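Protein chains in written order, with our numbering: chain P, 1 to 326; chain X, 1 to 262.
These aren't lab readings, by the way, just hints derived from the structure by calculation. None of the values given here were measured: they were computed from a predicted structure. Check the hints yourself; a few may be wrong.
Calculated cross-link-like contacts (lysine-lysine; reagent style DSSO-like; alpha-carbon spacing at most 30 angstroms) [to be verified]:
#1 P:K8 <-> X:K231
#2 X:K230 <-> P:K8
#3 P:K8 <-> X:K65
#4 X:K248 <-> X:K65
Computed list of chain P residues with no C-beta within reach of chain X, every gap over 10 angstroms [claimed, not checked]:
#5 A22
#6 I97
#7 A181
#8 F185
#9 L203
#10 I221
What the simulated footprint calls covered on chain P by chain X, stretch by stretch (three residues with Cβ under 8 angstroms from a Cβ of chain X suffice, anywhere in the stretch; the number is not a length) [what the hints assert, rightly or not]:
#11 208-219
#12 297-306
Ideal Cβ placement from N, Cα and C applies to all residues, glycine included.
The residues making up each chain are set out below.
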Amino acid sequence: MAKNERQKRLVYGLLILLALIAPLFITGDYPRHIMVMCGIWVISSMGLNLILGYVGQLNLAHGTFFGIGAYSTALLVQGLGLSFWLALPLGCLITAILGFLTGLPTLRTRGHYFPITTMCLGICIYYVIARWDELTGGARGLFGIPRPKPIPLPFVGEVSFDTTLACYYLVLFFVFLTMLAIFRFARSLVGKRLAAIRGNENLAQSVGINTMQDKVVFLSISTLIAGLAGGLYAAYMGSLMAEQAHFLGSFEMLLNVMIGGVGTMAGPIIGGILLPILTEAFHFLGGLRLVVYGALLILIMGFLPQGIAGGLRSVALHYGQRRDGK
Amino acid sequence: MNDLLLEAREVTKNFGGLQAINQVNFQIRKGEIFSVIGPNGAGKTTLFNLITAFLPPTRGEIFFKGEKISSLKPFQVARRSIARTFQLTTLFEKNTVMENLMIGQRTTREMGILQALFGGPRKRLTEKNNLDRAHQLAEFIGLSGEKEIQAGLLPQRAQKQLSIGLALATNPELLLLDEPAGGVNMEEAGVLIDLITRIRNSGITICLIEHKMSVVMNISDRILALNYGKKVTEGTPAEVCRNEEVIKSYLGDKYASARRSG
Numbered sequence: 001m002a003k004n005e006r007q008k009r010l011v012y013g014l015l016i017l018l019a020l021i022a023p024l025f026i027t028g029d030y031p032r033h034i035m036v037m038c039g040i041w042v043i044s045s046m047g048l049n050l051i052l053g054y055v056g057q058l059n060l061a062h063g064t065f066f067g068i069g070a071y072s073t074a075l076l077v078q079g080l081g082l083s084f085w086l087a088l089p090l091g092c093l094i095t096a097i098l099g100f101l102t103g104l105p106t107l108r109t110r111g112h113y114f115p116i117t118t119m120c121l122g123i124c125i126y127y128v129i130a131r132w133d134e135l136t137g138g139a140r141g142l143f144g145i146p147r148p149k150p151i152p153l154p155f156v157g158e159v160s161f162d163t164t165l166a167c168y169y170l171v172l173f174f175v176f177l178t179m180l181a182i183f184r185f186a187r188s189l190v191g192k193r194l195a196a197i198r199g200n201e202n203l204a205q206s207v208g209i210n211t212m213q214d215k216v217v218f219l220s221i222s223t224l225i226a227g228l229a230g231g232l233y234a235a236y237m238g239s240l241m242a243e244q245a246h247f248l249g250s251f252e253m254l255l256n257v258m259i260g261g262v263g264t265m266a267g268p269i270i271g272g273i274l275l276p277i278l279t280e281a282f283h284f285l286g287g288l289r290l291v292v293y294g295a296l297l298i299l300i301m302g303f304l305p306q307g308i309a310g311g312l313r314s315v316a317l318h319y320g321q322r323r324d325g326k
Numbered sequence: 001m002n003d004l005l006l007e008a009r010e011v012t013k014n015f016g017g018l019q020a021i022n023q024v025n026f027q028i029r030k031g032e033i034f035s036v037i038g039p040n041g042a043g044k045t046t047l048f049n050l051i052t053a054f055l056p057p058t059r060g061e062i063f064f065k066g067e068k069i070s071s072l073k074p075f076q077v078a079r080r081s082i083a084r085t086f087q088l089t090t091l092f093e094k095n096t097v098m099e100n101l102m103i104g105q106r107t108t109r110e111m112g113i114l115q116a117l118f119g120g121p122r123k124r125l126t127e128k129n130n131l132d133r134a135h136q137l138a139e140f141i142g143l144s145g146e147k148e149i150q151a152g153l154l155p156q157r158a159q160k161q162l163s164i165g166l167a168l169a170t171n172p173e174l175l176l177l178d179e180p181a182g183g184v185n186m187e188e189a190g191v192l193i194d195l196i197t198r199i200r201n202s203g204i205t206i207c208l209i210e211h212k213m214s215v216v217m218n219i220s221d222r223i224l225a226l227n228y229g230k231k232v233t234e235g236t237p238a239e240v241c242r243n244e245e246v247i248k249s250y251l252g253d254k255y256a257s258a259r260r261s262g
């Protein structure tokens with residue numbers, strides 16, 4: 001077990017290093033833009049994986065919370081003139097509070113009712129955003145959202161976020177932060193508690209676990225992460241359309257998580273990087289792209305029910321056992 | 001009456017027109033093995049669900065150490081140190097034996113979000129103690145060789161042992177066991193009876209639902225007999241198996257005559 005653990009850490013260390021030095025090799029502005037988008041999707045997908053993979057609740061309003069985070073941050077900056085560095089945490093907080101309020105009634109349901117009610121909620125909120133012209137600009141959207149203000153750092157001098165490269169490192173910072181937080185949850189006794197809730201709620205209650213409280217808290221944290229991704233998206237893109245809060249966004253994130261591997265650390269990272277790249281690669285297909293995704297999802301669910309991450313894990317296990325055995 | 005642990009007063013539970021439990025009174029005393037017997041549908045499991053608050057009583061009240069528990073939620077009852085197993089053996093099937101035994105412990109349910117995120121040495125100590133206790137429990141229930149096996153893949157007897165271990169992990173004062181020896185053969189039942197006896201000897205009060213009369217009569221201190229949701233009688237094994245109504249409704253004449261001649 002210990003050896004396994006060390007190897008795993010080594011792999012993660014190398015991947016982090018790779019992410020840090022990747023811009024040395026990828027110099028074009030367009031590929032770097034894709035890298036920023038991947039980072040944003042990875043954050044949001046990790047948030048969805050937290051509630052779906054670890055707590056076992058499929059929140060189909062996750063994409064909507066991404067939109068709420070994006071609009072809150074953008075409006076705090078544009079409407080109230082707040083600094084991005086204050087608007088982002090406030091935007092996350094607003095999203096988390098709405099996530100909390102959503103959870104109180106909806107998480108009382110069991111089985112398929114939670115996905116159904118959250119999907120309905122997502123559709124409702126989308127229309128509120130798309131029609132509320134005075135606040136959100138309605139169908140026209142929001143434009144001219146400023147990039148984050150430069151931050152002074154010791155030794156390095158002032159860091160500004162005018163370039164795609166700077167935005168990449170900003171997003172990467174939050175990717176690492178989110179990863180670290182989820183890693184800490186998953187490895188602690190809290191992670192065991194979530195496994196219990198996911199496994200059997202009644203049994204979890206019979207050993208004294210307050211399942212409702214944990215579900216609500218982790219839905220709030222998960223929506224907070226969605227809001228974080230949304231806020232970064234708003235500041236990076238500089239404009240927002242109501243489409244960003246469309247409920248279909250939830251399904252895109254769900255696709256990331258399922259293809260990557262539900263309930264695994266690496267799953268949303270793999271899916272969040274792979275799908276945006278595939279989207280670009282299949283751009284020429286237009287709407288048919290979704291057919292390709294559908295086929296991909298069916299193949300993955302059929303042959304790798306734990307996603308790519310689960311597949312990699314069983315390959316590693318197989319390889320490890322063979323080497324240990326002989 | 002200092003040794004009174006649990007008391008049910010006039011407890012009634014209706015499902016629509018069906019009276020599953022009808023004005024039942026009983027008391028469980030500290031340190032004893034208290035068994036509930038009766039034919040299928042007599043209301044035994046319903047009684048467990050009422051005690052652990054998985055069902056609210058229609059009328060009547062249940063007290064644990066003088067506190068009314070019949071209006072609490074299941075997790076709150078568990079936190080007052082009442083643990084239970086389920087008739088259809090229920091485990092965290094996708095988790096290993098060790099993980100099951102870790103989940104059941106108080107420290108798992110008490111660890112806060114912030115401690116999980118930022119915790120230092122104290123968190124590590126808590127987790128180490130939790131792990132140590134899980135090892136001890138695995139030893140105690142006799143699954144020390146199966147620690148890393150996924151619970152759902154264990155054979156029936158081992159699952160029964162683990163379900164008791166999971167309940168024990170909560171450190172209960174009162175342990176409710178719903179057919180701990182159901183669905184296993186007599187030889188395997190012996191392992192479970194031994195385990196139950198060792199639990200009682202460690203000072204935990206046990207309330208037991210069981211159909212195997214050889215088990216019930218040998219290890220129980222007192223027995224409550226139910227039929228159609230009503231209390232038939234309550235007393236020592238010797239008293240209960242002499243009761244005419246118990247013989248008629250549950251044990252059968254054969255059992256009674258075998259008992260008399262043996």
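Right, here's what the structure says about each hint:
1. A hinted pair counts as satisfied when its Cα atoms are at most 30 angstroms apart, and K8 of chain P with K231 of chain X does not qualify at roughly 60 angstroms.
2. In summary, the hint linking K230 of chain X to K8 of chain P is not supported, as the alpha carbons are separated by about 60 angstroms, beyond the 30 angstroms threshold.
3. This hinted pair does not check out: K8 of chain P and K65 of chain X have alpha carbons roughly 50 angstroms apart, beyond 30 angstroms.
4. Among the hinted pairs, K248 of chain X with K65 of chain X is inconsistent with the structure: their alpha-carbon atoms are about 35 angstroms apart, more than 30 angstroms.
5. The claim that A22 of chain P is not at the interface with chain X holds, since no C-beta of that chain comes within 10 angstroms of its own (minimum 28 angstroms).
6. Even its closest Cβ contact with chain X, about 16 angstroms, leaves I97 of chain P beyond 10 angstroms, as expected for a residue assigned away from the interface.
7. Residue placement check: A181 of chain P does not keep its beta carbon more than 10 angstroms from all beta carbons of chain X (closest about 6 angstroms).
8. For F185 of chain P, the non-interface assignment is contradicted: its Cβ lies about 5 angstroms from the closest Cβ of chain X, within the 10 angstroms cut-off.
9. Residue-level check failed: L203 of chain P sits 5 angstroms from the nearest beta carbon of chain X, not beyond 10 angstroms.
10. The non-interface label for I221 of chain P is inconsistent with chain X: the shortest C-beta to C-beta separation is roughly 8 angstroms, within 10 angstroms.
11. Remark: the region 208-219 of chain P is confirmed as covered by chain X, as 5 of its residues place a Cβ nearer than 8 angstroms to a Cβ of that chain, reaching the required three.
12. Closer than 8 angstroms: that is the beta-carbon criterion, and the region 297-306 of chain P has 0 residues meeting it against chain X, so the requirement of 3 is violated.
When held up to the earlier numbered hints, the structure conflicts with 1, 2, 3, 4, 7, 8, 9, 10, 12 and fits the remainder.
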